[in-house]
Amino acid sequence: MTPGSTILTGVNTIVVERTEPGVEVVVVTGEHDLSTAPELERQLKGALESGAAVCVDLMETTFIDSSVLRVLISAREQADERGIGFRVALGDTTGHGVRRLLELTDTERRLATAPTRAAAIAGATNGPRG
Amino acid sequence: MTPGSTILTGVNTIVVERTEPGVEVVVVTGEHDLSTAPELERQLKGALESGAAVCVDLMETTFIDSSVLRVLISAREQADERGIGFRVALGDTTGHGVRRLLELTDTERRLATAPTRAAAIAGATNGPRG
Amino acid sequence: MAPNSHGFELELAAEADNVPLVRHALRGLLEASGISDERTADIALAVTEACANAVLHAYHDDTGTFEVAAELAPGGRLFVIVRDYGSGMAPRVDSPGLGVGLPVIAAIAEALEIDSPDGSGTLVRMIFDLRADAS
Amino acid sequence: MAPNSHGFELELAAEADNVPLVRHALRGLLEASGISDERTADIALAVTEACANAVLHAYHDDTGTFEVAAELAPGGRLFVIVRDYGSGMAPRVDSPGLGVGLPVIAAIAEALEIDSPDGSGTLVRMIFDLRADAS
Ligand SMILES: Nc1ncnc2c1ncn2[C@@H]1O[C@H](COP(=O)(O)OP(=O)(O)O)[C@@H](O)[C@H]1O
Ligand SMILES: Nc1ncnc2c1ncn2[C@@H]1O[C@H](COP(=O)(O)OP(=O)(O)O)[C@@H](O)[C@H]1O
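Protein chains in written order, with the working numbering: chain A, 1 to 130; chain B, 131 to 260; chain C, 261 to 395; chain D, 396 to 530.
Isolated chain A (complex conformation) (with noise of 0.2 Å):
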């Protein structure tokens, strides 16, 4: 499945990142939806098993749905069980839509999150509970 809304608005990506020692970023830009979770799913499952802490980064998503909410709580999960240091970070350039879903579920705590990029990597690299 490709992330077939890349043609409307442009940026709907999904890069892992590799350039901090010791930490995979998973970048999620733009909108996601049930059309790309599994594409999410895919990438987040080969960073948990690269033995590598996993930050994922919401700082340019715009717009996620539950089935992407349910991707992100089942790789914290994941991360939580196997040891794995484990972030999110959601931050004041993260769209409303997507903090808005957190809000309503009140999912904010479970998914891990830290307030920029830096800060989620730090805390994914302390380790699961750093």
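Everything labelled a hint here was simulated from the structure, so no lab data went into it. These figures come from a predicted structure and were not determined experimentally. For glycine and all other residues, C-beta sits at the position ideal for the given N, C-alpha and C. One thing to keep in mind: the hints can contain errors.
[Said to hold, decoys possible] Some residues of chain D that are not near chain C, with every Cβ distance over 10 Å (derived):
1. GLY402
2. LEU405
3. GLU426
4. TYR454
5. ALA464
6. GLU466
7. ARG472
8. ILE509
[To be verified] Label-pair distances were calculated between CB atoms; the ranges are:
9. GLU327(C) with ASP222(B): 35 to 45 Å
10. GLY83(A) with GLY402(D): 49 to 59 Å
11. PHE474(D) with ALA273(C): 47 to 57 Å
12. GLU291(C) with GLU233(B): 36 to 46 Å
13. ASP432(D) with GLY288(C): 49 to 59 Å
14. GLY402(D) with ARG391(C): 34 to 44 Å
15. GLY83(A) with SER204(B): 22 to 32 Å
16. GLU108(A) with SER293(C): 45 to 55 Å
17. ASP432(D) with VAL146(B): 55 to 65 Å
18. GLU147(B) with GLU406(D): 54 to 64 Å
19. GLY471(D) with SER355(C): 29 to 39 Å
20. GLU404(D) with VAL146(B): 53 to 63 Å
21. GLU233(B) with GLU331(C): 21 to 31 Å
22. GLY471(D) with PRO245(B): 53 to 63 Å
[Unchecked claim] Some, not all, of what chain B presents toward chain D, calculated at C-beta under 7 Å:
23. LEU234
24. THR235
25. THR237
Fit chains B, C and D with the ligands to the known structure of chain A by using the hints.
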């Protein structure tokens, strides 16, 4: 929590019978919902910890809601995990209200049903997948 | 609170033990109207799920009340409203329930309507077709 | 299928890749009407969840279509209908979803109505209050 609806319909009871060797028969009579689901959960927990096989007799059950269905499904899952024989007796005398919920949610198979109490006891004492 | 031949209204504490009372009133109404046992059981299931939601989800740790109104309408229909004054619809990823309540109601009722009047809980309206062969 | 200033109608294959198209049409309509970005995002979320249900639950292994109609109404309201011709509401204890779709819609919409016309799928009607401060 006492079965608060007893006064209304006379016979809403949960009784554990140990008349047959090697099997605890949890007999559910009348109508059951969130008001009695916790009591059913307790009785099933006790039965599952007894070491014996477990049969849930719904032959005289007239009504269940999704709280009760959740308890039954979870008991079946626990039985499977621990290798305990488990069957639910669901037959001609079982109320329409019970069948309807199982049909709608397509959960009859998930509960490991048998059409009579005798068949359920036989199935349960033959082991989890007997 | 007195049932009559056309309907009933109940105001109850949001406690599990009160849900059977609602089914009791509902059966009284439907039996007096000659509705089939099968259809009555279906409707009792849907209404129970709506009441269960008011009891389990509306008030978190608080106490509160819920109201049930049922009315037989011309044309072989039953209107039922279940209303609470709790949090309003609050989606929970960790619901202790099986998660089939709303779809079960929607499957049995001809129409299910959920209103969330600002700051005053949840109002669930259900319309049931009373013919025995209605699905 | 052409959007105009008052609304739009779409008929789409029940496939995940088509759901972003619905949001695109919805944003076009709401932006042209000067609705706040926040409220637009809320409504996009609710409508996405309704479309996701048509795509994920209505047709099991079959293929099918779903329709979306949106209409701006006087008084600052938006009516949206999402309709499929699938199985009708089928509660599943093993839904692959998070189980928050219907409550999320109910929490965002002023009113959510679910009809299950006999043997012809599911019709979901949503009414949204377009004022920015509506919850
Ligand atoms: N009256 C209500 N007040 C607040 N939240 C509700 C109410 N009814 C339903 N909900 C929310 O909707 C969700 C789905 O309800 P339902 O389909 O009945 O499944 P369940 O109750 O088993 O979780 C509930 O988990 C809850 O978060
Ligand atoms: N259009 C539909 N057709 C058939 N079943 C549906 C439809 N929409 C919802 N459902 C049923 O209602 C359930 C609850 O839906 P929802 O609250 O969106 O949660 P989820 O989709 O995450 O399971 C679904 O699991 C499904 O069983």
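Each hint tested on the structure:
1. At roughly 21 Å from the closest C-beta of chain C, the C-beta of GLY402(D) stays outside 10 Å, upholding its exclusion from the interface.
2. Consistency note on LEU405(D): stated as away from chain C, and its beta-carbon is indeed over 10 Å from all of that chain's, at 23 Å minimum.
3. Remark: the non-interface label on GLU426(D) is consistent with the geometry, its nearest Cβ contact in chain C lying 25 Å away (cut-off 10 Å).
4. Residue placement check: TYR454(D) keeps its beta carbon more than 10 Å from all beta carbons of chain C (closest about 16 Å).
5. With a cut of 10 Å on Cβ distances, ALA464(D) stays outside the contact zone with chain C, its closest approach being about 18 Å.
6. No beta-carbon of chain C comes within 10 Å of the beta-carbon of GLU466(D); the shortest separation is about 18 Å.
7. For ARG472(D), the condition that its CB be more than 10 Å from all CB atoms of chain C holds, with the nearest at approximately 13 Å.
8. In this structure ILE509(D) is not separated from chain C by more than 10 Å, as the shortest Cβ-Cβ distance comes to only about 4 Å.
9. Between GLU327(C) and ASP222(B) the beta carbons are some 38 Å apart, a value that agrees with the proposed interval 35 to 45 Å.
10. For GLY83(A) and GLY402(D), the Cβ-Cβ distance of about 52 Å falls inside the hinted range of 49 to 59 Å, so the restraint holds.
11. Restraint check, PHE474(D) to ALA273(C): a C-beta distance of roughly 37 Å breaks the suggested window 47 to 57 Å.
12. Range check, GLU291(C) to GLU233(B): about 23 Å between beta-carbon atoms, so the 36 to 46 Å window is missed.
13. A hinted range of 49 to 59 Å holds for the C-beta pair ASP432(D) and GLY288(C), which are about 52 Å apart.
14. Between GLY402(D) and ARG391(C), the C-beta spacing of about 35 Å keeps the proposed range 34 to 44 Å intact.
15. Taking 22 to 32 Å as the suggested C-beta distance range, the pair GLY83(A) and SER204(B) conforms, at roughly 28 Å.
16. Separation of GLU108(A) from SER293(C) is about 50 Å and conforms to the stated range, judged on CB atoms against 45 to 55 Å.
17. One distance hint, 55 to 65 Å for the beta-carbon pair ASP432(D) and VAL146(B), holds here, with the actual separation near 59 Å.
18. For GLU147(B) paired with GLU406(D), a C-beta distance near 58 Å keeps the hint of 54 to 64 Å intact.
19. Judged by the Cβ atoms, the range 29 to 39 Å given for GLY471(D) and SER355(C) holds: they are separated by roughly 33 Å.
20. Here the CB-CB span from GLU404(D) to VAL146(B) is close to 59 Å, well matched to the stated 53 to 63 Å.
21. At about 28 Å, the beta-carbon gap between GLU233(B) and GLU331(C) stays in the expected band of 21 to 31 Å.
22. Remark: the range hint 53 to 63 Å for GLY471(D) to PRO245(B) is upheld by a beta-carbon distance near 58 Å.
23. Proximity of LEU234(B) to chain D holds as hinted, the smallest CB-CB distance being about 6 Å (cut-off 7 Å).
24. Residue-level restraint check for THR235(B) holds (minimum Cβ-Cβ distance to chain D is 5 Å; threshold 7 Å).
25. Interface restraint check for THR237(B): the shortest CB-CB distance to chain D comes to about 6 Å, inside 7 Å, so the restraint holds.
The earlier numbered hints that this structure contradicts are 8, 11 and 12.
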